[in-house]
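Could you build all of it, start to finish, from the sequences and the hints given here?
There are 4 protein chains.
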Amino acid sequence: MTHLRAAQIEDEMDGDTLHEECGVFGILGHPDAATLTALGLHALQHRGQEAAGIVTFDGTQFHTEKRMGLVGDHYTDPATLAKLPGTISIGHTRYSTTGEVALRNVQPLFAELEVGGIAIAHNGNFTNGLTLRRQIIATGAICQSTSDTEVVLHLIARSRHSSTADRFIDAIRQMEGGYSMVAMTRTKLIAARDPTGIRPLVMGELDGKPIFCSETCALDIIGAKYIRDVENGEVVICEIEADGSISIDARKPNKPQPERLCLFEYVYFARPDSVVGGRNVYVARKNMGINLAKEAPVEADVVVPVPDGGTPAAIGFAQASGIPFELGIIRNHYVGRTFIEPTQQIRAFGVKLKHSANRAMIEGKRVVLVDDSIVRGTTSLKIVQMIREAGATEVHIRVASPMIFYPDFYGIDTPDRDKLLANQHADLASMCKFIGADSLEFLSIDGLYRAVGGESRNDTRPQFTDHYFTGDYPTRLLDKNGDNPGPKLSMLASKS
Amino acid sequence: MTHLRAAQIEDEMDGDTLHEECGVFGILGHPDAATLTALGLHALQHRGQEAAGIVTFDGTQFHTEKRMGLVGDHYTDPATLAKLPGTISIGHTRYSTTGEVALRNVQPLFAELEVGGIAIAHNGNFTNGLTLRRQIIATGAICQSTSDTEVVLHLIARSRHSSTADRFIDAIRQMEGGYSMVAMTRTKLIAARDPTGIRPLVMGELDGKPIFCSETCALDIIGAKYIRDVENGEVVICEIEADGSISIDARKPNKPQPERLCLFEYVYFARPDSVVGGRNVYVARKNMGINLAKEAPVEADVVVPVPDGGTPAAIGFAQASGIPFELGIIRNHYVGRTFIEPTQQIRAFGVKLKHSANRAMIEGKRVVLVDDSIVRGTTSLKIVQMIREAGATEVHIRVASPMIFYPDFYGIDTPDRDKLLANQHADLASMCKFIGADSLEFLSIDGLYRAVGGESRNDTRPQFTDHYFTGDYPTRLLDKNGDNPGPKLSMLASKS
Amino acid sequence: MTHLRAAQIEDEMDGDTLHEECGVFGILGHPDAATLTALGLHALQHRGQEAAGIVTFDGTQFHTEKRMGLVGDHYTDPATLAKLPGTISIGHTRYSTTGEVALRNVQPLFAELEVGGIAIAHNGNFTNGLTLRRQIIATGAICQSTSDTEVVLHLIARSRHSSTADRFIDAIRQMEGGYSMVAMTRTKLIAARDPTGIRPLVMGELDGKPIFCSETCALDIIGAKYIRDVENGEVVICEIEADGSISIDARKPNKPQPERLCLFEYVYFARPDSVVGGRNVYVARKNMGINLAKEAPVEADVVVPVPDGGTPAAIGFAQASGIPFELGIIRNHYVGRTFIEPTQQIRAFGVKLKHSANRAMIEGKRVVLVDDSIVRGTTSLKIVQMIREAGATEVHIRVASPMIFYPDFYGIDTPDRDKLLANQHADLASMCKFIGADSLEFLSIDGLYRAVGGESRNDTRPQFTDHYFTGDYPTRLLDKNGDNPGPKLSMLASKS
Amino acid sequence: MTHLRAAQIEDEMDGDTLHEECGVFGILGHPDAATLTALGLHALQHRGQEAAGIVTFDGTQFHTEKRMGLVGDHYTDPATLAKLPGTISIGHTRYSTTGEVALRNVQPLFAELEVGGIAIAHNGNFTNGLTLRRQIIATGAICQSTSDTEVVLHLIARSRHSSTADRFIDAIRQMEGGYSMVAMTRTKLIAARDPTGIRPLVMGELDGKPIFCSETCALDIIGAKYIRDVENGEVVICEIEADGSISIDARKPNKPQPERLCLFEYVYFARPDSVVGGRNVYVARKNMGINLAKEAPVEADVVVPVPDGGTPAAIGFAQASGIPFELGIIRNHYVGRTFIEPTQQIRAFGVKLKHSANRAMIEGKRVVLVDDSIVRGTTSLKIVQMIREAGATEVHIRVASPMIFYPDFYGIDTPDRDKLLANQHADLASMCKFIGADSLEFLSIDGLYRAVGGESRNDTRPQFTDHYFTGDYPTRLLDKNGDNPGPKLSMLASKS
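Protein chains in written order, with my numbering: chain X, 20 to 515; chain Z, 20 to 515; chain H, 20 to 515; chain A, 20 to 515.
In short, the hints are calculated from the structure, not lab data. All values reported here derive from a predicted model rather than from experimental measurement. Just so it is clear, CB atoms sit at the ideal spot from N, CA and C, and this is done for glycine as well. Treat the hints with caution; some may be incorrect.
Residues on chain A that point at chain X, a partial pick, calculated with CB under 7 Å [as the list claims (entries may be wrong)]:
#1 133
#2 156
#3 161
#4 162
#5 163
#6 172
#7 173
#8 176
#9 177
With a cut-off of at most 30 Å between alpha-carbon atoms, the simulated DSBU-like pairs for lysine-lysine come out as follows [what the hints assert, rightly or not]:
#10 A:102 <-> Z:102
#11 A:371 <-> H:102
#12 X:401 <-> Z:244
#13 H:401 <-> H:313
#14 X:102 <-> Z:371
#15 A:244 <-> H:371
#16 A:452 <-> H:244
Stretch by stretch, here's where chain X covers chain Z in the computed footprint (C-beta under 8 Å, at least three residues) [as the list claims (entries may be wrong)]:
#17 83-92
#18 231-240
#19 282-292
#20 339-352
Pasting the structure below:
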């Protein structure tokens, strides 16, 4: 019995949310490797709540545990950690994008290679994963999962290089897309970030031992020191030498390109206390609220965040506008798993399962609701209705990011394009009417860029990737655009 | 596998928290009785996360389901609700005060009486429960649980009155303490509140059918209308008549006394959007912060709430002081159950499992931490340490309630008296030093009274009960002070 | 996930079987009390497979564990036994006669009395249980289960006697029916058998410590010595004295009557290696087969037992007739629980899920099938069909007990009277035709009496009870025949 | 929670037993494919009780379900079968030879090939599996399990042939050892048996649709017709043609050799009602008992089988010797899983957890115990002791197979060679003394050959394989004897 990210439950029901699939963590040479990995994954839990896996190597054998549910449900009791001995460890926490919740898809994946075992975990998506899978199968490989990670394992296995590091780089050169990856062998911990740097990955250190993880909050929980971001296109290979010392070798196998971090990490995914690309996420979100207050001011009595995502921007909006910040919506944190498949009667209570209006702060007031983003708009509609029923005289919505028009192909699970609010309406007025608000405004692209990086968008060389807003994809999309789909796969489905 | 109130996890480890044991809900004559009870209990989940039970009557037979875990984990799927047919229903959600988490202690309890079946659920505690239990056993009754509710059932069964209502009142007259109770028979829904009105209980209405529940938030979730509070010492008996209409009969069997609601409902237990005793809880908490800012001002750069309990008071403190409100502590909502019995290694990470410092809002700043209350102080100590490690130049703690000196006997689970911070130190300076803060201040009793009710404490006839602060208990304490403990009970322990 | 008595599975589907509800075990003063109780219950598992419970007393507190499923699934691992400390223990294994499989009905039951705690487990049924329950409720008691054991607890609690032993005897005097009972207090182990001695109960000894259990096989497994049968109408009270010695006090509170043990213990329920009423069960069953061969001889090629119940009688039949004994039916021991609620497709395979014909021993042969008893006949019908399909030229059925005409009221769960084969057909020929056999014969009443006790039935004072065959009930049937049913109970149903 | 083959439990504790690893089943073109596969696996449950898996293809997609535990625990409820749509199905039931009970090792295994998906299940073992695995890994494949089946998948994937059938045969040509295999693609069901025919495999037919399974008992349960044995070295390819008809293509890719079926199938593994190699197993076992009575007669009062394995031979022994056959040992069928890891106290009760002496048939008698085989002898020792304690005056052991001296490499899990009774003692007298019997005799090799096939062993061309008795292995043993072990694998261990 597990709990989903509470903030997504009623959105879940309507598909009115975005999901990022994964968080990764790896550590080399530490006696408490598995425990530290469990704690790191716990701090990264907001990036995926459905399942978590850890692999360790104890000097002789690899060990793995994979579990459905929260890290804290399984990986903290002595019995489980006792099954994960060793000083090298990588871990992964995931959100399942499909109905398939089978353990066999839970990362890290492991393979026995000629040069020894290797385990890999990744966050993100390969835009040529299917193309590569078909090539591999055509030359006699067998694929036992639907995971892109398995493709990476095959590419490594097939490399003609003798060292694992060279093989890994060989594989990396063939992959396209947006990803952050950690891998481990019997002596190495390897980290890699895609050439454009779409997904984040940072390097840290604890007791002189190297750590790689998706966000800095996973360093903070264990008291590890932040060293630097893994650079876009970089592969960092850490190895325990014969004398016990650790060597670090950083390479850039691909042609250098400018970094373009995913803006949605700032808007929604990353934890507010994380530092992503050198910028504090909470500050970026508060700046979005400040810029939004400047771009789309409104006369009102209270600024109310849509919890919890909208809170930092709402604080910024309130400070910039001088309108008081109040908790006008109270969130119920005790939303259990089965609310996802409730009876029709219960489903009808929708948004109220998670949110309730705090009437004393709403009644008779002009309310500004601040949210982080709008995907389909169905949740916004229900929240506006709830606020009106609580007696608000006016309801104004301010969204701390631009309108979403395009799908993502780098690991964010987006609804079908025609389900997006922005694509269902001709103009802002129509959207506002659909949602039932008195006014509706989105932050501008430039407002967002300035909130995050201090400067407006450089249209020639954009500082970030913003394709869901603009359609400007930072890589080619081979699987999507390829004209040679090859034989249809008849992959195995396992319901349990 | 269940999830505890996330806000209590690391306190759990140290026992540094207060628990209220229960929330209750009842509805009469509604075709969706069980579904509405499940939703009501979901809204009351903050009053108890360990287990929940529902009883219904379908015109012929009583039905019950009891489950460990969150309401949303079990009571929303069609299969479970299908086992609870009928139009009368009561439910209960509980926090276990003891190590015993056995289902047999989960309420509501049921008994077959001569006049028919009766089921009862209550929130609170009887101060003469053990005394009554011994009297009952001495006259040939058998007790199969350690629950006070079983004692109520015995008193009802032994009454010489013929009507269930009269029997219920007969039982009520013998009970002392602080409690709110809902009961149901084949045709009746009965609600009762203790003579002093220590625990809250409200009456509502949906589709013309009466509802009783611990807080108004359970009415809001189902769109029910608030009618009035059940008065202190009142017993309200609702009955379905032969013609299908519902009669309501309100009685006051005990000698009238002034109401004294528990102040901790305002300080900590009730949900911020609930209206308790006619007062919005969020507003009361914000007022506590405002009064605290006046009583104990401090020069600082940011006001940081200890989430989530301290947030409303921190907003009030910030507004009153003009110091900016910022989320300087980020809370991890994904804390799983087994963190309660973690390995020693993981236990060492303590407060960080749930809280992390948001360095960008802390570093180089003078920080005011606002918390709702301090019990043992062990958590405060760790939070101060965490804030200092994040680079704060000063850390000032402001507590939005007075110092706690005395135990509760009305349903709040308090640590041993000598574990309370206020009893371990001679003065405020010593406490402040223990916690490691630059300054530490508590709200005054009068400041709290004014925040809640607008007026200072009337020392002759206090408007609320504040015994944990003052030692002024609103009832006699028979079990505690009785000099005739009787034979020692050798009650049954069941570990599973 | 538990396993039912494999021999009953496909009968289960058709209700074509008899069930006995329980086995009991108790031991006093032994350091391994819980472990020995678990082993004793394991040996008594054939008397009930659905759930098992154990209570112990550790000198200060009572402890209990109750589990659905086999004893060997739960009660043998160190963690469970560690929860059952103490030197006094009783245990119970049960078959559920109703759809209610809730743990709250699993015995032993416990109650806190004025004189201290008491736990009781029983096998059998009270013929005035409902009558007593109504009397008790009418005088102010509360009943929380539907179990007769709870009634016993109430009678004990209400007794005016001061000693538990006297109270127990007081209660026994009011109970009618067929039962064997073990009870324990803080210092005593008490055993009781009904006045007619319908259900078996034996006394044994291990390391000088007294044991009571349903059958001698529970003594054999732990290497305990058989002392004697508890006599009909006897109450045996064993107590640990202050000096650690154990006193034994045997009483006969009811008017003496001749013993009449249940013949079905010999026909079907007891384990073949048990000694019941001084007679080896296997020998009795073999004698039934021998007598059957004499009463109903047949020319045939092979004697084939219907496994496993029919095997001893088939061996006797083969030895007496000179026809070879062969395993013509092979039994599948791996029948899992869910076969009880299978898909319709699987249900259609019926008897084959458990039994298969061993064609090499059947084809072209005249077959005598020997079974222990026939209840509804639906299983016999399918087995005959299976044997014919395997190529038998003739199929003769010989049943090692008489025809069943009447229901039991002493703890055997019998189908509705009109579902019994003997009540659905005018004569033997019609039954034989229904089942599809070439001939069908039942053992005579006298043949059965001689097989068990050596002598024909004494019609004036029958040596056993044989009411299911003859309608001659050994006690009055108050609940069944009472003309004053009182108010209808609206008992609580719990599905889980 | 699952149940092991009860007959192995206490042997389990001492490793005093042989295990066969698997049973397989496949069907093509039937609308109830998954249901029939579940029933077939249920009938084959004696070949493996730890886990079972089923794969189906529904015309578009492959589906699989894999579960720990008995077939009847999982695969008969509608919900599970609903997840397995389609008309082609294969299934597998296994006994785990190692501590690894992870689901990822449960067969059938599936792989996506260039030509489409393929699923494979096998019974037996490859004597060059490790050698092949190293070759495959050396050329860039990744291995994700420790299963030989994965090696077969790789060989198929790497074949240069275009048709799956040709690829399958290509793979088969490279495998050495003893195995029976079923495989399925989108349109085909393929069966294969090793060149020597060590493991059994039969072909049947239901409603005109082909079936392959390990034993005929899996045909009997579903009412399917036995067609013929798959011949040694044969590959049978059944395919659904475009018009819905089914084509059958039988090939023999390897050089023809004489068949040598494993004698242990007759001695112990196969179900008594199965026909293996054209011979009824029960008859073979009875013949073993008859031959044993002739070879090693003894004066005694009763013949007692060690249940259940020794029963057919005991019947033969009794018939040939004229000594009465009696159930002198009663078996407890309700042995739960956790008896495998019991407390030390419970472990001490050893053989009694499953077996008890039926004193009435033992006391004062000269007893002949007939068992099917002796592996380590530790169980025999305990049984003799139990029989003596029950009062036997003499105990003679007769074993219906020869002494075991050598390990198996074809799928039977044998203890270390020096743990075998026959290797621990210089002669029969020493073994007899160790076991504590008055006499001990084993069936001769020729006696066994005549019991099974009617003729003595042809030492030039043995009719069966009997390597565990004689050391005469029917194939080369590449993995065992290879002098080039290659790099040590660091395979992944998963404890759950």
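- Any of the earlier hints contradicted here, and which numbers? none
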